[in-house]
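> Please arrange chain B on chain A, whose structure you already have, making use of the hints.
Which chain is which? The protein sequence lines are A and B, in order.
Residue numbering for the first sequence follows the working numbering, beginning at 1 and increasing consecutively.
Residue numbering for the second sequence follows the working numbering, beginning at 377 and increasing consecutively.
Please keep in mind that the hints were generated in silico from the structure rather than gathered at the bench.
Do not take every clue at face value.
[Unchecked claim] Some chain A residues close to chain B (C-beta under 10 Å, calculated; not the full set):
no. : residue
1   : 48
2   : 165
3   : 176
4   : 177
5   : 188
6   : 191
7   : 205
[What the hints assert, rightly or not] List time: in silico SDA-like cross-link candidates among lysine to any residue, alpha-carbon distance up to 20 Å:
no. : chain 1 : residue 1 : chain 2 : residue 2
8   : A       : 186       : B       : 594
9   : B       : 629       : B       : 617
10  : B       : 676       : A       : 174
11  : A       : 109       : B       : 640
12  : B       : 562       : B       : 415
[Unchecked claim] What follows is a set of in silico ranges between Cβ atoms, one per label pair, in the way DEER data are often shown:
no. : chain 1 : residue 1 : chain 2 : residue 2 : range
13  : A       : 64        : B       : 592       : 53 to 59 Å
14  : A       : 344       : B       : 699       : 36 to 42 Å
15  : A       : 309       : B       : 585       : 53 to 59 Å
16  : A       : 98        : B       : 441       : 52 to 58 Å
17  : B       : 535       : A       : 331       : 43 to 49 Å
18  : A       : 58        : B       : 630       : 19 to 25 Å
19  : A       : 344       : B       : 587       : 39 to 45 Å
20  : A       : 160       : B       : 699       : 25 to 31 Å
21  : A       : 295       : B       : 413       : 56 to 62 Å
22  : A       : 324       : B       : 585       : 46 to 52 Å
23  : B       : 507       : A       : 219       : 52 to 58 Å
24  : A       : 141       : B       : 592       : 17 to 23 Å
No residue lacks a Cβ here, since even glycine has one placed at the ideal position from N, Cα and C.
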Amino acid sequence: MKKAIILILVLLLSFGFTTYAEDTQPVLDEVPDKIDYKWAMDQYSKREEINLMYMSVEMSLPNLEETLEELKERTDPIRGASTPAMRANNMVTMKYGIAEQEKRIEDLKNSVQKNLDQQVIGLRNSLRSVYASEKNVSFSERSLRFAKTAFDNAEYYYSNGIGTLSSLKSAMYNYLSAQVDLEDAKIAFENSLMSFNRTIGMDLLTVYKEIDIDETLMIKNTNNIKPLADQKYESLIKAKEYEIEKEQYRKESLESLFSIYPNSKEHILEELETIEERISDLNDDLIQMKITQRRYYNERAQAMIDSFDSIDDTKENIAELKKSYNKTYSQYLDKDIGYVAVEQSRLNIEKAENNLKQQIYNFNTSYMSYLLEMEI
Amino acid sequence: MRKDVVHMKKSAKILVMVILVCWISTAMAAGSGNKISINTAIDMAMGNNQKQNELTDIKIEEYKINYDEAVRKAPYTSITSYGSSYNRYVSPIVTEKVYEYAKMQKEDANRLLKLNVYKQSLGLIVTYENIAYQEKLLEVDQKKQQRAYTSYKANQMSYEAYMGYEYTVESRKDTIADLKYGLDKKNMDFKILLNIPLSEEDLVIENIEFTYDAPDTIDLQKVIEETITSDSNMYSKTMDVKIQEEVINLTKKFYEDDMAVYWQNEYNYKNAINSKEVALVNLEYNIRVAYNNLKTKYNKIELAKMNLDIKKNAMDEANVKYQKEIVNWDSYIAAVNNYRAARYSFLTNEYNYMIAKADFDFLIGK
Numbered sequence: 001m002k003k004a005i006i007l008i009l010v011l012l013l014s015f016g017f018t019t020y021a022e023d024t025q026p027v028l029d030e031v032p033d034k035i036d037y038k039w040a041m042d043q044y045s046k047r048e049e050i051n052l053m054y055m056s057v058e059m060s061l062p063n064l065e066e067t068l069e070e071l072k073e074r075t076d077p078i079r080g081a082s083t084p085a086m087r088a089n090n091m092v093t094m095k096y097g098i099a100e101q102e103k104r105i106e107d108l109k110n111s112v113q114k115n116l117d118q119q120v121i122g123l124r125n126s127l128r129s130v131y132a133s134e135k136n137v138s139f140s141e142r143s144l145r146f147a148k149t150a151f152d153n154a155e156y157y158y159s160n161g162i163g164t165l166s167s168l169k170s171a172m173y174n175y176l177s178a179q180v181d182l183e184d185a186k187i188a189f190e191n192s193l194m195s196f197n198r199t200i201g202m203d204l205l206t207v208y209k210e211i212d213i214d215e216t217l218m219i220k221n222t223n224n225i226k227p228l229a230d231q232k233y234e235s236l237i238k239a240k241e242y243e244i245e246k247e248q249y250r251k252e253s254l255e256s257l258f259s260i261y262p263n264s265k266e267h268i269l270e271e272l273e274t275i276e277e278r279i280s281d282l283n284d285d286l287i288q289m290k291i292t293q294r295r296y297y298n299e300r301a302q303a304m305i306d307s308f309d310s311i312d313d314t315k316e317n318i319a320e321l322k323k324s325y326n327k328t329y330s331q332y333l334d335k336d337i338g339y340v341a342v343e344q345s346r347l348n349i350e351k352a353e354n355n356l357k358q359q360i361y362n363f364n365t366s367y368m369s370y371l372l373e374m375e376i
Numbered sequence: 377m378r379k380d381v382v383h384m385k386k387s388a389k390i391l392v393m394v395i396l397v398c399w400i401s402t403a404m405a406a407g408s409g410n411k412i413s414i415n416t417a418i419d420m421a422m423g424n425n426q427k428q429n430e431l432t433d434i435k436i437e438e439y440k441i442n443y444d445e446a447v448r449k450a451p452y453t454s455i456t457s458y459g460s461s462y463n464r465y466v467s468p469i470v471t472e473k474v475y476e477y478a479k480m481q482k483e484d485a486n487r488l489l490k491l492n493v494y495k496q497s498l499g500l501i502v503t504y505e506n507i508a509y510q511e512k513l514l515e516v517d518q519k520k521q522q523r524a525y526t527s528y529k530a531n532q533m534s535y536e537a538y539m540g541y542e543y544t545v546e547s548r549k550d551t552i553a554d555l556k557y558g559l560d561k562k563n564m565d566f567k568i569l570l571n572i573p574l575s576e577e578d579l580v581i582e583n584i585e586f587t588y589d590a591p592d593t594i595d596l597q598k599v600i601e602e603t604i605t606s607d608s609n610m611y612s613k614t615m616d617v618k619i620q621e622e623v624i625n626l627t628k629k630f631y632e633d634d635m636a637v638y639w640q641n642e643y644n645y646k647n648a649i650n651s652k653e654v655a656l657v658n659l660e661y662n663i664r665v666a667y668n669n670l671k672t673k674y675n676k677i678e679l680a681k682m683n684l685d686i687k688k689n690a691m692d693e694a695n696v697k698y699q700k701e702i703v704n705w706d707s708y709i710a711a712v713n714n715y716r717a718a719r720y721s722f723l724t725n726e727y728n729y730m731i732a733k734a735d736f737d738f739l740i741g742k
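For reference, chain A alone in the conformation it holds in the complex:
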């Protein structure tokens, strides 16, 4: 299942995206003209932290492997067991320990990659934030131009005795306000750029000619969303059932020791009572999980489906804005309104289209995050 999910991720990640840093390509030292999240991820993976993580894994592996060898060599449950409970524990370890230790080793080996996979989500969000704030600068520049025109007009009207001082001051305030908005937008852009650069290990003030977040939706429909959540839910239930099975085996192992330790009957009975309590608690957990986890995964899947559907709403909204623009333009041709209103209307469409672009990108990010969460 895990392999299948990774395969889906790989396929989806490569679907419709421009590639810059393929595995076979040499390491890029210079910043390309156009960057995307794959390039950012490539930069991130070159950070010293990642090397240190690999080093840490290398250092921890021998101990785990040594324990695995010890477990494989273990043939006698009596070894090192001075009480029936310890002997039963050895029997449990002999049955389940090797597979669990192998999984621990496997998890440790995959831990760096897993960390990198998780990092993709943060990096994509960070890159989108840079893109969005840069766009915001350009929108603010245009708003400033509108405010300047309005201010120039107010100044003209006032100097010709048509406008009042308060309308002039109001236009002046709006103009200053637009200047401040632009300044703020530039600052927000610089902050998000520095945050992004800090994450991927570039110089804080590195600038990029173009940021690519042009993506098509990773999925054409939402058919696979619910099944993935169902599979994850089943796997969690299975994990809990495994814990119960293990405790059940511990109980059976201990019960089989009555004849071997006739003098420890009381001790065994006490231990059995503890194990039964544990099994009972685990069963309660299982019942609870079946309710809470079922609800959680249903809601999680539904949220993804809603997020997918909301993209259509945005598309409809853009269509409405375009209609509104046509109306405004007609009014302008009829000289009912000024050109600034037309420009403003056009800007609204551009903003909405840009939002749609980001919404698609965000959905893809959420979907990647969803796949990681649903990984078994």
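Structure of chain B alone, referenced to chain A:
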């Protein structure tokens, strides 16, 4: 003999502190009630924190002894084993770091205390202003309510419309009550910060004229470079690299490269270098973001200043018109309220800038 001198110096210090605290308390009691300046509040906090500083000094003294001891022993320590070589080459650096870093942390803690007193003092000033502002609005609301009552009694206004005015008055009173409750909490927090008994009368911070320069008067690059050399965390990270460098040199001398201890020390060395790099980037990032925050806050003041100017003009114009009976009282008072709102907004923007500036200064070690 030397101990006596040190002891006398310490006693003199404490005496000066006690006199200072007594003087401050007396000044507070005798002067204008319990009104104090921000600087006096900072002095009080520092004075009342003296015990903590003395305890820290004892620790620092202990670190100094360890450091001196490590340096004294180093030349006579053999270098035949890893352990003794460690004592010779590494221990002096480790103890030096612990000693110097403790001194820096003490300074940081004192600076942080001053910063917090300053920020909370400004917070109190703004709260007084807000209460005063809301009370002015209440006066207007009450006047409107009285006029509405007259109209209602004269059957010129519906009961529902009159109740609207009454509701406005009541909700304004609620706002003021909430603000006063908030002020009580702030006063308590302030006493805790200044380390004075909660039973003492509340302190009132004297109003100050906010003075500030535009952020572009700051040479950011210079500030970053200076902070890197003075920051305590950077000092700690730099010393960690130095320590791990010595450790790995000794490790190479005494252990084979396939041994666990070798791997661990190599990892520690690389990790120390990386941690220093990360700390360096984080420091520069934090300074730049704090500086950008300053710029944003400063721009907001500029905008609020212009808004205040506009609202002042509108109020003056409304006043003239009201005197000439061109506009009614409602229009006039609306302009006055707009001006008051703009004035309060200007003040809060100045306050936000002063807080941002204090945070920035703290970050750069001021």
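> Each hint should be assessed against the structure and marked as holding or not.
Each hint, compared with the structure:
Here the hint on residue 48 (chain A) is kept, as its CB sits about 4 Å from the closest CB of chain B, short of 10 Å. Because the closest C-beta pair between residue 165 (chain A) and chain B is about 7 Å apart, less than 10 Å, the hint holds. Taking 10 Å as the C-beta cut-off, the interface hint given for residue 176 (chain A) holds, the closest approach to chain B being about 6 Å. Hint status for residue 177 (chain A): holds, given a least beta-carbon distance of 6 Å to chain B, under 10 Å.
Look at residue 188 (chain A): its Cβ gets to within about 8 Å of chain B, closer than 10 Å, so that hint holds up. The criterion of a C-beta within 10 Å of any C-beta in chain B is met by residue 191 (chain A), whose closest approach is roughly 6 Å, and the hint holds. About 8 Å separates the beta-carbon of residue 205 (chain A) from the nearest beta-carbon of chain B, less than 10 Å, and the hint is met. A distance of roughly 19 Å separates the Cα atoms of residue 186 (chain A) and residue 594 (chain B); the hinted pair therefore holds under the 20 Å criterion.
Between residue 629 (chain B) and residue 617 (chain B), the direct Cα distance comes to roughly 18 Å. Compliance with the 20 Å bound is thereby established for this hinted pair. Only pairs whose Cα atoms come within 20 Å are accepted, and residue 676 (chain B) paired with residue 174 (chain A) is accepted, the gap being roughly 13 Å. Using a Cα cut-off of 20 Å, the hinted pair residue 109 (chain A) and residue 640 (chain B) holds, with the two alpha carbons roughly 18 Å apart. Proposed proximity of residue 562 (chain B) and residue 415 (chain B) is supported: the alpha carbons are some 18 Å apart, at most 20 Å.
Taken as a hint, the range 53 to 59 Å holds for the pair residue 64 (chain A) and residue 592 (chain B), whose Cβ atoms sit roughly 57 Å apart. Judged by the Cβ atoms, the range 36 to 42 Å given for residue 344 (chain A) and residue 699 (chain B) holds: they are separated by roughly 40 Å. The beta-carbon spacing between residue 309 (chain A) and residue 585 (chain B), approximately 57 Å, falls within the hinted interval of 53 to 59 Å. A hinted range of 52 to 58 Å holds for the C-beta pair residue 98 (chain A) and residue 441 (chain B), which are about 54 Å apart.
Remark: the range hint 43 to 49 Å for residue 535 (chain B) to residue 331 (chain A) is upheld by a beta-carbon distance near 45 Å. Here the CB-CB span from residue 58 (chain A) to residue 630 (chain B) is close to 22 Å, well matched to the stated 19 to 25 Å. Residue 344 (chain A) and residue 587 (chain B) have their C-beta atoms about 40 Å apart, which keeps the hinted 39 to 45 Å range intact. Evaluation of the 25 to 31 Å hint for residue 160 (chain A) and residue 699 (chain B) yields a pass: the beta carbon distance comes to about 29 Å.
Between residue 295 (chain A) and residue 413 (chain B) the C-beta distance comes to about 59 Å, which sits within the given range of 56 to 62 Å. At roughly 50 Å, the beta-carbon separation of residue 324 (chain A) and residue 585 (chain B) lies within the given 46 to 52 Å, and the hint holds. Here the CB-CB span from residue 507 (chain B) to residue 219 (chain A) is close to 56 Å, well matched to the stated 52 to 58 Å. Checked against the hint of 17 to 23 Å, the pair residue 141 (chain A) and residue 592 (chain B) passes, with Cβ atoms roughly 21 Å apart.
In this structure, every one of the numbered hints holds.
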